[in-house]
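Sequence order for the protein chains is A and B. Everything in the first sequence is counted per this note's numbering, starting at 1 for the first residue and increasing by one. Everything in the second sequence is counted per this note's numbering, starting at 1 for the first residue and increasing by one.
Everything labelled a hint here was simulated from the structure, so no lab data went into it. No residue lacks a Cβ here, since even glycine has one placed at the ideal position from N, Cα and C. Among these hints, one or two may not hold up.
Selected chain A positions facing chain B (Cβ under 7 Å, derived; list incomplete) [stated by the list, open to error]: (1) SER217; (2) GLY234; (3) MET235; (4) GLY238; (5) ALA242; (6) GLN245; (7) ASP249; (8) ASP317; (9) SER318.
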Amino acid sequence: MAIPPTSDSASQPREEDLLRAAQSILLARERERIRALEEEIAAYRESEISIEQLQEKIEQLEAQLLKVQHLYEDQLMDLQTSISILNYKNFGRSESLLSRLSPVFSRLIGKRIEEDRDEMAKTFSPIMGEAIRTQIRNSRQDMIDAIYPIIGESVQKSVAETLREIQRNIDMRLRQTTGDVWRQLQARLRGVSSSELALRDAIPFQVEQLFFIQRDSGLLLATYPTEDAEMSSGMIGGMLTAIRQFARDSFGRGRTGTDLDEIQYGDDRIIIQGGQYAYLAVVIHGIEPEGFRGTVQTFVSELHLQHEHALKAYAGDSETLPALTPHLAEFMGAVAGNRRQSKPLTRLQRWFVFIFGMGGLLFLALSCFYLQFTIALLPVAFPTATPTITPSPTNTPTMTPSPTFTPVPTNTPTPTLTPTQTPTNTPTFTPTFTPTPTQTPTNTPTPTNTFTPTPTLTPSLTPTPISAQMIGDVFTLSEPQLFTPRTGEVVRGTAVTILAVYQNWAKIQWTDRNGLQEGWVLLQWIDLRIPIPDYLITPTPARP
Amino acid sequence: MQRGGTVKEKFRSMKIVQKKICLLGDFAVGKTSLIRRYVEERFDESYLSTIGVHMSRKRLERPNHFLDFFIWDLVGGEDFHKIGRNYLLGAAGALIVCDLTRPETLPKLAYYAEQMRAVNETAVLIFIGNKVDLATERAISDDELHQAITPLAHTFLQTSAKTGENVNNAFYQLAELLEM
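Make the full structure from the sequences, and use the hints.
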């Protein structure tokens, strides 16, 4: 391409123009591109704004769509319910309907409960009881399993509290009755331990109310305690009487003595003790002690004995009745008194009881020692003396004991026989006094160191027996003691000879058809014509 | 206060006389309604079937004492035969009721009177024709009533447990006769 020449002044603007022209020629495409890019940028900016708007619109549309969807779901559910009802009506398939309706109702009920809990509780409460009863009847075990965690815990708490109370009572009673020998003895006699007896005593028992009621009419004669009982007591009397009469008619079957004697309600019981004209109703709490019913029976009998006429003639006028309330109060006081717990001993009282007990034990030990000592010395103090006949030296020289037979002085009783009379006094009996040889060794004392009393024979004098007469028919004994072997019998009026006397016994000798007899009899059966001489009496050894 | 205390002491010092009385009559003649009207001063429209015995108490203030009525409302009809006469024991008097709208209840008055007499010969009896307010349904005329009551020779009243007509009067007359 040829470029035309130019002047200097004029050539510069031309160069610029040329430059511009060249630039425009050279940069035209780029400028077009830039412009296009700018337009694109502007377009992009516009499109960003529209996207945000679109997104908002989309969200709005989605929300509307969700609402419509819920609406459609509810309508669909209603339609399904309607269809189910129609199906049930058409085909009678209740199970199908229920299975379809159940989730619907469950959902509706759940919604309703969330919205108004109190209202729903108020709606359902009347049928809850019946529903629970039905459920228990139908599935008892399931209900037990469901309720056990609640009820079981409550019961456990209650039982534990009751046991703690009983334990406290037992501990208290055991503390009070420790050392109570009578209670322990009583328990043993009953065949139980003292702890068991304490347990029995610890079981609560209380007489709460007494009603004395006319038997046929049910009119209240007296009650105790009287406070807060004025209006209701009369009704109680009537109702108890009606119940008794009903029980008698229903279960007595005409038998006598088959009245209702107890009614139980909750933890309390009414013990009824009948009388001829009135009966006593005792409201008690707990378990009555042994013999309580007997006490009540005795009380009712005593009331009848004391006020029989008034009870029989009572026709409703309170003035004709004696004061019965004090009797009831006294009875209740007596019953409560038997159960009243004794106060624990003070420290001083405990010391006193301890010292008294120890003193008693010491006294007992000393008594035992004294008794044992006395028993041991009894043979010494009361020797079984066997009086012997001291033969005359002239008749039986062999009877003379040797001086070496004299026992030890300390153990030897006082010599006894000292015959002074001469044989000539009663010559007819003389031959009978001759002792046989067999008697000699038995009568010979043996000088031993034992405590056996051995009378010393002093054959220095000749004994002279005395005569007497029996005043009764008696048996004679071999020893001057009761319950010893009999040797024979002697009849009244028999002449006897007294050979020896020991205490209130006499050794006699008499003759009967069998010959000469001997034996011991009581002095009271002998008619003594003369006083017994001393030489015939065996003295009783003095007590040590 | 002192005056109130004096009145209280006066009441306390007044003696109390107790009387057991029975209400007898056939089934649904209105015995229980009569007692409700008398004792509780109101009338319950719903009928309460009497089972066995229903007991009420009413205290009357008499000139010099209180009179306590222990009212035994006994079941009527066939059930009365089952419970027997034991419930009548010790009763001083009785109100024997028939239903003026049911003629079959009229002859039973004599039966209940006989039962009461068997237990207590001196018992005071008052015969009552109840439901007198139901004039349009009345089925027993005055003449029939007199014929039935005359042999029994006792007081007779026509009452209405619904309106209260003669109810208090019946018990008042019973009290008067008991304390003659």
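- Task: Any hints from earlier that this structure breaks? Give me their numbers in increasing order, please.
- Result: none
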